[in-house]
Each structure stands twice: as C-alpha cells, then as structure tokens.
Amino acid sequence: MTTLPAKTEKKLGLVIDLDTCVGCHACVISCKGWNTENYGAPLSDQNAYGADNSGTFLNRVHSFEVQPEAADAAAQLIHFPKSCLHCEDAPCVTVCPTGASYKRVEDGIVLVNESDCIGCGLCAWACPYGARELDQAEGVMKKCTLCVDRIYNENLPEEDRQPACVRTCPAGARHFGDLGDENSEVSKLVAERGGMDLMPEQGTKPVNKYLPPRPKDEMPEFDVLAPFLEPVAEEPKGFLGWLDKTLEKL
Amino acid sequence: MNQPVIDLSPKVSDEVRKTTCYMCACRCGINVHMKDGKVAYIEGNKDHPVNQGVLCAKGSAGIMQVNAPSRLRKPLKRVGERGSGEFEEIEWDEALQIAADWLEPVRQTNPEKLAFFTGRDQSQSFTSFWAQNFGTPNYAAHGGFCSVNMAAAGIYTMGGAFWEFGQPDWDHTKLFMLFGVAEDHDSNPIKMGIGKIKARGARVIGVNPIRTGYNAVADDWVGITPGTDGLFILAMIHCLMKAGKIDLHYLAQYTNAPVLVINNPGGADHGLLMRDENGKELVIDRATGKLTPFDQPGVKPDLAATYEKDGQTHRPVFHQMAEMYLDDQYAPEAVAERCGIPAKRIRAIAAELARIAFGEAFTLDHAWTDFRGEKHDKMTGRPVSFHSMRGISAHANGFQTCRALHVLQIILGTVEVPGGFRFKPPYPKPATAHPKPHVGLTPGAPLNGPHLGFTHGPEDLALKDNGTPARIDKAFTWENPMSSHGLMHMVISNAYAGDPYKIDVLFMYMANMSWNSTMNTRGVIDMLTDKDENGEYVIPKIIYSDAYSSEMVAYSDLILPDTTYLERHDCISLLDRPICEADAAADAIRWPVIEPDRDVKGFQSMLCELGAKMKLPGFVNEDGSQKYADYGDYIVNHERRPGIGPLAGFRGENGDQAGRGAVNPKQLDQYIENGGFFVEHIPDGANYYKPWNMEYQEWAVTLGLYDKPTPYLFSLYVEPMRKFQLAAEGHGDRQPPDHLRERITSTMSPLPIWYSTEEDNHAADYPVTALTQRPMAMYHSWGSQNAWLRQLHGHNPLYLPTKLMRANTLSDGDWAKVTSPHGEITVPVLEMAALNENTVWTWNAIGKRKGAWALEEDAPEATRGFLLNHLIHELLPPKGDGLRWANSDPITGQAAWFDLKVRIEKAAAPDESQPGFAPIKSPVGTGPKDLTWKVGN
Chain A
21 MTTLPAKTEK KLGLVIDLDT CVGCHACVIS CKGWNTENYG APLSDQNAYG ADNSGTFLNR
81 VHSFEVQPEA ADAAAQLIHF PKSCLHCEDA PCVTVCPTGA SYKRVEDGIV LVNESDCIGC
141 GLCAWACPYG ARELDQAEGV MKKCTLCVDR IYNENLPEED RQPACVRTCP AGARHFGDLG
201 DENSEVSKLV AERGGMDLMP EQGTKPVNKY LPPRPKDEMP EFDVLAPFLE PVAEEPKGFL
261 GWLDKTLEKL
Chain B
29 MNQPVIDLSP KVSDEVRKTT CYMCACRCGI NVHMKDGKVA YIEGNKDHPV NQGVLCAKGS
89 AGIMQVNAPS RLRKPLKRVG ERGSGEFEEI EWDEALQIAA DWLEPVRQTN PEKLAFFTGR
149 DQSQSFTSFW AQNFGTPNYA AHGGFCSVNM AAAGIYTMGG AFWEFGQPDW DHTKLFMLFG
209 VAEDHDSNPI KMGIGKIKAR GARVIGVNPI RTGYNAVADD WVGITPGTDG LFILAMIHCL
269 MKAGKIDLHY LAQYTNAPVL VINNPGGADH GLLMRDENGK ELVIDRATGK LTPFDQPGVK
329 PDLAATYEKD GQTHRPVFHQ MAEMYLDDQY APEAVAERCG IPAKRIRAIA AELARIAFGE
389 AFTLDHAWTD FRGEKHDKMT GRPVSFHSMR GISAHANGFQ TCRALHVLQI ILGTVEVPGG
449 FRFKPPYPKP ATAHPKPHVG LTPGAPLNGP HLGFTHGPED LALKDNGTPA RIDKAFTWEN
509 PMSSHGLMHM VISNAYAGDP YKIDVLFMYM ANMSWNSTMN TRGVIDMLTD KDENGEYVIP
569 KIIYSDAYSS EMVAYSDLIL PDTTYLERHD CISLLDRPIC EADAAADAIR WPVIEPDRDV
629 KGFQSMLCEL GAKMKLPGFV NEDGSQKYAD YGDYIVNHER RPGIGPLAGF RGENGDQAGR
689 GAVNPKQLDQ YIENGGFFVE HIPDGANYYK PWNMEYQEWA VTLGLYDKPT PYLFSLYVEP
749 MRKFQLAAEG HGDRQPPDHL RERITSTMSP LPIWYSTEED NHAADYPVTA LTQRPMAMYH
809 SWGSQNAWLR QLHGHNPLYL PTKLMRANTL SDGDWAKVTS PHGEITVPVL EMAALNENTV
869 WTWNAIGKRK GAWALEEDAP EATRGFLLNH LIHELLPPKG DGLRWANSDP ITGQAAWFDL
929 KVRIEKAAAP DESQPGFAPI KSPVGTGPKD LTWKVGN
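For the record, the sequence lines run as chains A and B. Residue numbering for the first sequence follows my numbering, beginning at 21 and increasing consecutively. Residue numbering for the second sequence follows my numbering, beginning at 29 and increasing consecutively.
Possibly wrong hints are sitting among the right ones.
[Claimed, not checked] Counterexamples of contact, computed for chain A against chain B with all Cβ distances above 12 angstroms:
(1) Lys102
(2) Asp109
(3) Pro111
(4) Ile138
(5) Gly139
(6) Asp198
(7) Ser204
(8) Ser207
(9) Val210
(10) Met216
(11) Gly223
(12) Lys225
(13) Glu241
(14) Glu250
[Said to hold, decoys possible] Distance windows between CB atoms, simulated:
(15) B:Asn292 x A:Arg234: 55 to 63 angstroms
(16) B:Arg762 x A:Gly261: 54 to 62 angstroms
(17) B:Arg101 x A:Lys225: 25 to 33 angstroms
[Stated by the list, open to error] On the chain B side, residues computed to face chain A include the following (Cβ under 10 angstroms):
(18) Asp35
(19) Gly90
(20) Met220
(21) Lys224
(22) Ile233
(23) Ala244
(24) Asp248
(25) Lys337
(26) Gly339
(27) His347
(28) Arg373
(29) Ile374
(30) Ile781
(31) His821
(32) Trp961
(33) Lys962
No lab work stands behind these hints: they were computed from the structure. The structure displayed is predicted, hence computed values, not measured ones. Cβ coordinates follow ideal geometry from the N, Cα and C atoms, glycine included.
Next up, chain A with everything else stripped away, as it sits in the complex (with noise of 0.2 angstroms):
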C-alpha cells in the first residue's frame, strides 16, 4: 500500500483532440522508440518477427466505430490515443505493495521505480484503463511517464522538452502542459473545447483531457443554400446570353 501525495505542485498530463486524431499511430512509435532507449529498462518485443508477437507500448491507438442514433446518418470513425491518465486519485498507486508506483509530488507524474517493482501486476489489475503494461522481458511494470526524462532534459533544446509522443504527431493532436493552472494553454483549450475525463465515474480524477469531437456530417440542408445555386438559365443558350450580360458587367 503506497500513499498519494495530498497536493501537487503541477498537474502535467496530455490534452488529447479526438477531433484531429487521424489514429495513424505516429505517437505510439515515437513513445516507442524514445522509452526504448530512455527511461528503465527497454521496451521489450516477444515473437518479433514470428507468430503471436506482442510487445510493450506506453501508448497505444484504439479505433472505434460509432453509429449515430438518427436513421440516415453515416457511421463514424473515431481513433482515441490511450496512455497513462496520470491521475490525481491514482489507483494503480495506492495498490502497489512495495512502494515502486508512486506519484511525484512536483508536477503528478505517476512513475514506477523499477528497481523496487516486483512485477506483481497489481497496478494494472486496479487501473480501470489499461493503461499499464508488464514488461515480458524485464518483469517489472511499464507506463507512460509523460517523458520525465525530456521535459525538463536540459540535454534538449527548450522547444523539444516536451513529451515524444507531443512532438511528433502531425496532427497537432496531442498537447501538453498544466492542467492545475487554469491559465495555461493546455487548461483554455479544455475550457474552450469541452474538454472531458475519461471514465470519471471511477473517481480516478485523470489529470488527461479528451477533447470531443465536433459533430459530422451536419452540413447544411441544401434548401439553405439554395441561393448560391439558383440558375441563371436553363439551357445552354440562356447561359450565354446571361454570360453576355455579366462579361458587359465586368
């Protein structure tokens, strides 16, 4: 049983759009290849080039189809990006047994010391969104760590600290910051949008925010526009006395 910190300095997590996301996975190799060679142990691959293979992500993309109710509408597409939440009220932490989860008091990162971790899968047993992976080769527990080890890498140019997964999506998908301050950029564009908790009737209070998508195919009834289409002839004839008149007009 490990406690969570009362308060933290900072909220830091991931500001998601559902409404740009193209699910073309850019994020989830990124995270890949960064949390490969960075943070902890590298993330495995089993079967890599066989039958069944599997491997660790901290990030992965989930395609799901949605049917709105009208009878008529088209079916939809939505892609959604699903990582550590980071959440205020983690469970994955207060279940750890010997302490290796923990959820950092300066900014809310929710880490795993992998030194002390002993693979139990406790914490992904009690996560509600999956979002913890263990790693087959390693045996210790695997999760998003927002990328503690570039956001404040003085290593790295000011403009890359930021999250690998954020870098590179070319969507502009994906964004980073603050969420306990309510003037950051990543708390306006959640205030502006709508943005939501994923699954908050589990009292996890995730730090990451989706913003929803924009309602589709809701272009206007053509009766509308009907006046950007009302014809100037009929007949091609017709056409070209009015081509005529407005050439006159010119």
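Got chain A sorted already, so can you dock chain B onto it with the hints?
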C-alpha cells in the same frame, strides 16, 4: 514522501546526424541520434520544410528498418531453379562481371532487349540518365501502376498535379475537399494541414468509399460508389455553371476557355484550337472585338464572342463547355443513384463550394504584374482547396476523372490564388515545357533523348516504322497514347508473351513484382519461371536490386544488394521530385549516417560502377576511367546543363549560389551542415498566380527551373486529345489500328467526360467493388519486416459493410470466398459500418509469402494475411475478339486496380488464407525471437 531521485537530464545522444527519411515517399527531415556510433533514436527535424519536426510512425520506426533481419548481406547468384530461393553468395567483382557479360552484348546488338524498370525509385533523373546512356528505350519507374492519371491529368490541364507537387494554401483555405487518398505522398504535410485548418474551424469534406484516416476526421463524409467520382464532379460543375457561380475573370484571363475552336466538320483541323502563324492560340479581344493572340498586352479575351470565317462560326472553348455540362445528364438527380449520393447532398456541397469561393472571397495586398503586362494592386483569394490521389486515379476512367476535378478547381478560380491550391516549384510547368518520349536507339550508343515525357499528338507516339510499339510496355502507343510514366505493370506480361517483342535481360530495382506490386500474382510467378521448348527461361535473365529479402529475390538470377536509407547518398532533386513548398524551392540529400555492416552497395553507386565497366558515355572519363566514384560523387559533379546539377543549393566555387552555379566540391558538406536540405524562398508577390506572374517567372529562370519565362494558359480543353481523336476519325498519316478507333474517339474527349468501367469488369455478375488502402503506419510491403510496425498491422481482414455481412450471414472472424472474373481468394472478414454499402476493402501489402522478409513461416502475415492482387488481372476479361485488352486507363495506361469487381460468399474456415503458396527458401534466415533493444547504457 520519499520519492526516488531520478535523472531528469540524461544525455540524449553523442551526436545528431540530420538526413532525409525514406520510410515512405514523403521525404521528411530526420534527426538521427547516435550513441556509440549506432542509431539510437530518430525524430523529425524541426527546421525541415516538409515536416517541421513532426514524424509519422514509419519514420520513428526507422531504427527497426536499418537493423531488420531481412536485410540482404551480399551479392547472390541463383544456383537452383528460379523460385526455389537457392542462391550462392558471390563477391561484388563477380556479380558486376556477370551483369556486364549479360548486358554488353545486348547493348552492342539490340539495346531494346534490356528492360530496366525501377519501382519505388526516388532517383529517376539518375536512373533514366543511366538507361539513356545504355541506349535502351525500355525504362520507367512505377508511375504507371501508381498514379500517372493524377500526374498526367494535372500537367496536361494546369501544368502541375496534386501528388506532392502542390498543396492547399493551408494558411487561408476555409474549405478543403479531399478525394481518395494516398498515405505515402505528402502524408505528414497533409496531416499537419488538416490539423491546422480544423483548429481554425475550416470545413473538411472527405470523398471516399471508406471512412478511415483523414476521412474519419472530415466534417462531412461522402461515401461515394467507387469509380463514379468523375460523375459526381461533373454534376457539381453542372450546378455551378448553371448558377453562374464561376470565376469569369479568371477563366477569361488565365485559361483556354476563351480560345476559339476551329469549326470545320469532317476536316483534319476540326476541333483544334485556332492559332496564328506563330502557333499562338487566338481569342477575340473584348475591347476591340478583334481576333488576336491571347497573350498580347491589354487583351481582354472574350468568353462569349464567336468568330465567323469562310461561312463557319468558330466558337470559344467555353461555349462547348456550356453546351456539354449544362446538359441534364449531369444534373444531380441524373447521377445520384449511380454515385450513391443523394441529389440534395450534391447540390448542398456544390452550394457550399460556391458560398465559400465567392461569398468568402478575400484579397491580399500583394501587387503583381501578369504576363500581358497588366499590373494588379492586389490578389483575389478564393478559400476553397482540393486534394486527391490514387483513389480517383487507379480506374480506367481515372484520367478523365482527374481532369474533371481540375476543371472544377479552375472554374471556381481556386488554382494558384490565395486560399486555393498552390503549385510547388518546379511547377507550374506546362506539358509543352516537358520532354517528349524518345525511343530512337542505336546499338552501342545512347538513346536519342529522355524516355518519358508528354505526347502532343500522333507524331509523338513511340512506334516503330512498321507501326508496332517501340517500347516493351507499349507506352505511348494507340492503346494508351498519353502514358507519361510508362506501364511497369505490363513489362513481365508483355515480355513473356513476346508482345511486342522478346527481351533478353529484365533488370529491376525495388519492385516486388512476384508478389504485391503486380496484378495477377500467380500468373506472373508462372511467367517468371516458365521455360521454352529448349528448356530456357522465357524471360532469359533477371537482375534485381533490393535492400531486403522480398518475394522478388527468389525469382531473380542475380541479386545486387542495396543499402538501407541511412547508409547511402541520395538527392531529392529539383530535376526529379524535390521537397519544395508553395513558397519555396527546396531539395535535400541522404548521406551515410552509418556505414553498412554488410557487403552491400547503394544501387546508384553500383550503377556508376557498372556503367563505367561497360564504358557507358556519361559514366567514363575521356581516358575510359570511371567518371563517378559513387553516387555522392555524381550528385556533386554531374551537370545536366551547364551550371545546373542534381542539387540546387550551395553551388558555385564558394557555395553561395542557388540554382545555377559551378560545381562546388564541398556541396554535400554544406548540405549536411545545413541539416541535409536547402531552401530558397519565393519573393512575396511572386508566390501566387505563378503561371502568369512575371516576377515568379523571372525568379524561376534565375533559379534554373526554366531557361526563359514560360507563362501559359490552363487547358480546360486539352488539344492533344483532340489530335488523337482526329487520327481515329481517319485524319493524318499515323493511323490507329481499326479495333482501337472507336475507343479513342469515345474516351479521348478534349473536355472531361465520365464513362463506366463496370461492363468491362463484369459488374452484373460481380456487383461489389474491392479496394485496398495503405495504412498510415506502413509503406508498401516494407512495414512487415519492422518489428514495431508489424505489431500495428500484422493482420489484414477483409472489411465488409454491414449490409453485406447480413446478406451473407457473416460474423466477425468468419471467412468468405471472394471471387472476381479472374480468380478467387478465401479470407477472414470483419464488419465495418463506416463504409460504402457495396464496397469491401483491406490493407494493402500486409499479406506475405512464407520465407520472405525474414519472417517465420507461421507469421500471421503469411498465414492469415492475403493480397487482392490474385483477383486482379493485368488484362481485362477476354471479349471474344482474340485481343489482349489491358486492364488500364485507355489514355494513360494507368493500372486500373480500383475497378476490381467481386462477389462474396461465406466459406468454411480454411487453415490459412487461400490461395496458399509453398514457402520460398530465405537467403537471410529469420529474425531473433525477442528484442530488448537499447543502444546506450
């Protein structure tokens, strides 16, 4: 709290080496982080014009590609039967000697006996130069089965295409309409652009039978019936013209809409454009009412006026357009059912185009001067932009469909204006400024000019004196007169059939022609392995170069192993397919950021050596010694024209000249210092209206893009098409064979038309269209050898719409037999609701042959993965006339992959996807079981 102390500032790498990605054709800038001399991490280069720091999944997974167990290690000589995979490793000296021994006699006797085709080549200006010096007419890359319709339609119509050759004005556009998609061209820029405009609240409309990727985030999705895009577009043109929602000023000033068309029914010039003695198109000047060349100072071309001469009324192009497109056959109600789009929705989209283009027009305060000398104090913007690629292109009606889309853009006045679609240098460049095809061969000497180009009439066709095709792929013949990229998909089939002739050596690079890069995979395998009555292979000798153990390796006699992209020099050149932006000319290099740990040579460096060995002019010095030590040496020292070489940056003795300048021996070092690329910005005021903007034209001359200003009119009416029609009507010396006359007449309309391809594909019996898409995280067959990427896309179920699932009582995980007029496959299915109700699809090139790509034989790609290629033939189903009709666009020869029609029925689950193929022996073995990849400590 006792928090562990962690290192928040670990050392990131020893060094960053900046080069260009090659995980797809997007050509992003990458920072390769090195530790202990090894690649540790790859990220996007923030200074790079293409990707500005972002990088896709493929790019970030490059580390798994350069270390892939599938990499070939040494030259291989076939020792077993073709297809057995039995090889012995040989030294490079022997390998190059074998190649030279095969090629030299061909060159000295009949160079056409070499077919040299280069697949996914990004060095075509170099490889074509090599082929030209060899002297064979048979060279092309893979454009014929990729997207030549898009390229050719764009260049013939407006002097530039979508592809990566232009882009929406992302800063100003308010409505972006996307038809089809190709994920591997400009993919990061398009994602960046969509993100940017959506953040601004602009509307995105996606037209695609499948709602994935960009279409999933589109505000409006039009799930069109495949192959009917042209009809949908012509219906919108109908609505917009009928409502007068067209840019008359733009049409009059910058297009051939006002050009007079000769009216001389039955005459050899009927339907050609009226020209003066200098060949300049003639218009009626609205100011004077007189006939005048279009480009004279002060001329206001008249869209309406006709011209009477010799008792005939000659009318402008625009009259013909009005007559054609106002016809009720293009009314939304007439096309709705066929397109699968309600008429009301077609009107709504057309109205929205009109509302934004004209209702939200704006101006930029950039003064500019047009080619007639008229000064403009501002630029009018129409914030509607379009983009498109293979989805509308890979149909037998694709050329006309792509043309229709360009006509839609042009009547709205949205090309090269603020808010619209913009060209990237070296475009705009009209078709007339490109070379024509050349096939003049002389044994032992170079070809008489570049292989590929643009035909402008029957006189430009690549025919021998006896009228038979000069090229093995029959490019530039009556079967496909405007086949600007060649027809790589027909090479093996034609060579096997000896139609138009037999060849001796087939030499290919990076093209998986015995698997996913060919139509009719089984048939092609048989063609590659079949022997004649003397026991010799029908295609006698096959040389193949690839970096990886692809399926094609087993079907080749001599393997020349290439490097990976981080081990080589390359140039992404203005002579070829550069990385320019709408506001800048730019090019880039690759350079060996690591040295190969295998006995391999970069393909282009190897060609420098082989070329010198055969004493090809262009590859030897006067004393007969090798001219270019390697490709890097060529990149720096080759000059195409005096002062113009493969790279435009850092030219001249001091490396301070752009575009034109003397060879600079330190050029590559300066590129490396600059991050691997070079950018030269277009001056403000020159960066829109480029085809007609004299400041741009003069800038382009300075940079060496043109040798003189080349302003031109957009061709709504493509006159060369009319010339082919006239020939088909019996005019002129060069005449098509009789069986093609009707088809040429009906398909080569100089104004865009739409025709159905369903009957040719037996749609009555096969009512469902089957498509493939490329995953955003994979490039062709390459992704499956990548340990990270194959975890994203290791399976490719056939996605079926809900209606077809129900109709066949199928559930997810069931198997279905899919039958086309050509063949059948049995594959696993999955339901997808966001899909056109008569369309099925799967991911492209996930299916693999057992033994290839260093995968284990039980890998899902080889057991459950599959290809649609088995269902597609390179020929249409026989018509009973004994002729071989290519499954290609009759204008350009573009392979019509997306015309595939099938029927679906439930099947008992087989052990593996069908058809099954025997394993091929791997020349590289298989990869390790587990990976714990970490380069540094």
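Evaluation of the provided hints:
no., hint, verdict
1, Lys102, "holds (14 angstroms)"
2, Asp109, "holds (16 angstroms)"
3, Pro111, "holds (18 angstroms)"
4, Ile138, "holds (15 angstroms)"
5, Gly139, "holds (15 angstroms)"
6, Asp198, "holds (16 angstroms)"
7, Ser204, "holds (17 angstroms)"
8, Ser207, "holds (17 angstroms)"
9, Val210, "holds (15 angstroms)"
10, Met216, "holds (18 angstroms)"
11, Gly223, "holds (22 angstroms)"
12, Lys225, "holds (19 angstroms)"
13, Glu241, "violated (7 angstroms)"
14, Glu250, "violated (6 angstroms)"
15, B:Asn292 x A:Arg234: 55 to 63 angstroms, "holds (56 angstroms)"
16, B:Arg762 x A:Gly261: 54 to 62 angstroms, "violated (42 angstroms)"
17, B:Arg101 x A:Lys225: 25 to 33 angstroms, "violated (54 angstroms)"
18, Asp35, "holds (7 angstroms)"
19, Gly90, "holds (9 angstroms)"
20, Met220, "holds (6 angstroms)"
21, Lys224, "holds (7 angstroms)"
22, Ile233, "holds (8 angstroms)"
23, Ala244, "holds (4 angstroms)"
24, Asp248, "holds (5 angstroms)"
25, Lys337, "violated (20 angstroms)"
26, Gly339, "violated (21 angstroms)"
27, His347, "holds (7 angstroms)"
28, Arg373, "holds (8 angstroms)"
29, Ile374, "holds (9 angstroms)"
30, Ile781, "violated (17 angstroms)"
31, His821, "holds (9 angstroms)"
32, Trp961, "holds (5 angstroms)"
33, Lys962, "holds (4 angstroms)"
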